[in-house]
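Asker: Quick mapping for you: the protein sequence lines, in order, are chains C and Z. In this text, residue positions in the first sequence follow the numbering used here: the first is 1, and each later residue adds one. In this text, residue positions in the second sequence follow the numbering used here: the first is 354, and each later residue adds one.
Quick caveat, the hints were computed from the structure, so don't treat them as lab data. Where a beta carbon is used, it is the ideal one built from N, C-alpha and C, also for glycine. Accuracy of the hints is not assured; some may be wrong.
Mimicking DMTMM-like on lysine to aspartate or glutamate, the simulated pairs with C-alpha atoms at most 20 Å apart in a straight line are [unchecked claim]:
hint: 1; chain 1: Z; residue 1: K417; chain 2: C; residue 2: D152
hint: 2; chain 1: Z; residue 1: K395; chain 2: C; residue 2: D152
hint: 3; chain 1: C; residue 1: K164; chain 2: C; residue 2: D18
Derived Cβ-Cβ restraints for the label pairs, each shown as a range [unchecked claim]:
hint: 4; chain 1: C; residue 1: M112; chain 2: Z; residue 2: I373; range: 45 to 51 Å
hint: 5; chain 1: Z; residue 1: A411; chain 2: C; residue 2: S110; range: 22 to 28 Å
hint: 6; chain 1: Z; residue 1: W408; chain 2: C; residue 2: S44; range: 41 to 47 Å
hint: 7; chain 1: Z; residue 1: L370; chain 2: C; residue 2: M112; range: 23 to 29 Å
hint: 8; chain 1: C; residue 1: V108; chain 2: Z; residue 2: L370; range: 43 to 49 Å
hint: 9; chain 1: C; residue 1: Q187; chain 2: Z; residue 2: W408; range: 26 to 32 Å
hint: 10; chain 1: C; residue 1: S169; chain 2: Z; residue 2: S420; range: 17 to 23 Å
hint: 11; chain 1: Z; residue 1: L370; chain 2: C; residue 2: A12; range: 39 to 45 Å
Listed below, chain by chain, are the residues.
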Amino acid sequence: MAVSYQAVGWNAFKKRYDTIMASGIVAFLVSFVGAGSFLHPEMSLEILLMRGIGVSAFLLLHLILVIGPLARLDRRWLPLLYNRRHMGVTLFLLAFAHGVIATLTYHVGSDMNPILSVFTTDAGARMTAVPFQAFGFLALAILFVMASTSHDFWLANLTAPLWKTLHMSVYLAYGLLIAHVVFGVLQAERSPVYPLLVGLGILAVAGLHLLSGWRGRDLDRSPAFDEKSGYLAICRVDSLVENQPLGAIVNGERVAVLRYEGDKVSCVSGVCQHQNGPLAEGRFVSGCLTCPWHGYQYRPADGTSPAPFTERIPTFDVRIEAGMVWVRSTSNPAGTYTVPAAIDHVRGGRLNE
Amino acid sequence: MSELLLLLGMYGLVGILFAIPFVLLGVRSIDPAASQGTVGFKILILPGCVLFWPWLLARWIRRKPPSEEWSAHRQGASGKAGRKGE
Chain C
1 MAVSYQAVGW
11 NAFKKRYDTI
21 MASGIVAFLV
31 SFVGAGSFLH
41 PEMSLEILLM
51 RGIGVSAFLL
61 LHLILVIGPL
71 ARLDRRWLPL
81 LYNRRHMGVT
91 LFLLAFAHGV
101 IATLTYHVGS
111 DMNPILSVFT
121 TDAGARMTAV
131 PFQAFGFLAL
141 AILFVMASTS
151 HDFWLANLTA
161 PLWKTLHMSV
171 YLAYGLLIAH
181 VVFGVLQAER
191 SPVYPLLVGL
201 GILAVAGLHL
211 LSGWRGRDLD
221 RSPAFDEKSG
231 YLAICRVDSL
241 VENQPLGAIV
251 NGERVAVLRY
261 EGDKVSCVSG
271 VCQHQNGPLA
281 EGRFVSGCLT
291 CPWHGYQYRP
301 ADGTSPAPFT
311 ERIPTFDVRI
321 EAGMVWVRST
331 SNPAGTYTVP
341 AAIDHVRGGR
351 LNE
Chain Z
354 MSELLLLLGM
364 YGLVGILFAI
374 PFVLLGVRSI
384 DPAASQGTVG
394 FKILILPGCV
404 LFWPWLLARW
414 IRRKPPSEEW
424 SAHRQGASGK
434 AGRKGE
């Protein structure tokens with residue numbers, strides 16, 4: 001959270017995160033080039049480096065894609081999600097380096113424009129009918145758009161829903177890169193190990209997404225609606241765990257219902273203003289509902305970030321009746337204070353507003 | 354194909370010519386949070402400004418601040434959404 005823009009809001013965690021990521025990539029590249037020059041002494045250093053950088057980018061993309069579902073399945077993965085944007089920018093830089101080396105190696109030196117040559121000339125692969133380099137180029141273009149709009153300035157100016165839609169194109173880039181690998185390097189390999197590894201990668205990405213979707217299916221069920229009162233029955237009072245938000249669907253979008261400070265119950269939109277993070281999967285920290293993705297905070301009663309921050313999300317009227325938590329189906333404007341419903345301990349939360 | 358590349362190149366060139374004065378002068382008029390933006394921030398948003406220059410130029414001319422983001426709940430609060438939970 002910041003009130004004015006800076007390049008990167010560094011903190012100790014981000015520095016540690018980036019150090020580990022950079023060290024891992026360097027270690028991988030050194031190992032790849034070292035092992036490659038031993039196993040394939042005929043291969044030049046630039047080819048080994050190009051392949052090593054390409055493989056590291058491909059692996060990093062898999063990691064980026066599985067962090068989301070892994071964090072939904074097990075909260076211990078959340079720290080990896082926190083700084084995923086740096087992984088995305090690193091992925092673009094690696095892919096760009098791979099593309100530059102490949103273009104310099106295979107497409108510079110003739111009369112043809114090197115970019116045009118990428119789309120029309122074979123770079124040594126055997127399945128020449130399929131333009132595998134074009135797949136890689138288009139994926140790189142998508143990664144460029146994503147990396148160049150990764151800063152919060154773009155998030156605020158494009159608005160989170162549009163920004164999110166734009167960044168969902170990572171799945172298109174992933175598909176293009178699978179085609180780039182399958183129709184490119186795999187055509188030149190005889191070992192079954194490489195296709196097997198690519199298959200396992202696809203299986204991991206698809207499988208984890210399906211599994212996390214399956215596990216979260218209860219959250220997307222509609223609660224019962226009372227036409228007369230305009231309220232939805234969200235859950236039983238005794239099923240609310242203090243300081244642990246509960247998600248439900250209201251008006252087609254998730255809300256976060258929170259029991260806090262003993263007997264208070266409030267409800268806010270479950271969509272974080274920053275990157276539309278899932279607030280219902282967050283925590284109650286220092287009097288605020290805290291987004292699990294990047295720590296954006298909102299007071300549960302008024303959906304407002306503590307000063308000096310200015311983010312605000314819609315709130316919902318809540319009442320407790322017959323042991324049930326009821327939420328009004330119509331939201332209040334972002335930042336509207338709503339009186340928290342109180343759980344009547346004497347009557348065991350049976351009837352109170 | 355070569356014509357398309359030429360067009361893209363021209364788009365990028367105009368984008369570069371636009372992006373430099375925009376990050377130095379224009380960005381603060383479309384986003385108040387950018388008025389005290391650091392040099393590093395301005396460098397980081399440069400590539401995106403090259404990419405989205407027509408849209409940013411239109412906003413710079415109109416001095417249009419960031420839009421309030423849309424969501425079903427925000428729209429619901431202004432009385433436009435259906436009442437029933439889906």
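Asker: Hints first: check each against the structure and report whether it holds.
Answerer: Evaluation of the provided hints:
Between the alpha carbons of K417 (chain Z) and D152 (chain C) the distance comes to roughly 18 Å, so the proposed pair stays at or under 20 Å and holds. Pair hint K395 (chain Z) plus D152 (chain C) holds up; C-alpha atoms about 12 Å apart against a cutoff of 20 Å. With a CA separation close to 23 Å, the supplied pair K164 (chain C) and D18 (chain C) exceeds the 20 Å bound. The supplied range of 45 to 51 Å is broken by M112 (chain C) and I373 (chain Z), whose beta-carbon atoms lie about 31 Å from each other.
For the pair A411 (chain Z) and S110 (chain C), the beta carbons lie near 41 Å from each other, so the given range of 22 to 28 Å is not met. The given range of 41 to 47 Å is respected by W408 (chain Z) and S44 (chain C), whose C-beta atoms sit roughly 44 Å from each other. Distance hint for L370 (chain Z) and M112 (chain C): a CB-CB separation of about 28 Å, consistent with the stated range 23 to 29 Å. For V108 (chain C) and L370 (chain Z), the hinted distance range of 43 to 49 Å is not satisfied, since their beta carbons lie about 27 Å from each other.
At about 41 Å, the beta-carbon gap between Q187 (chain C) and W408 (chain Z) misses the expected band of 26 to 32 Å. As the Cβ distance of S169 (chain C) to S420 (chain Z) is approximately 21 Å, the hint placing it in 17 to 23 Å holds. In this structure the supplied range 39 to 45 Å holds for L370 (chain Z) paired with A12 (chain C), their Cβ-Cβ distance being about 40 Å.
Violation of the numbered hints given earlier is confined to hints 3, 4, 5, 8, 9; the remaining hints are satisfied by the structure.
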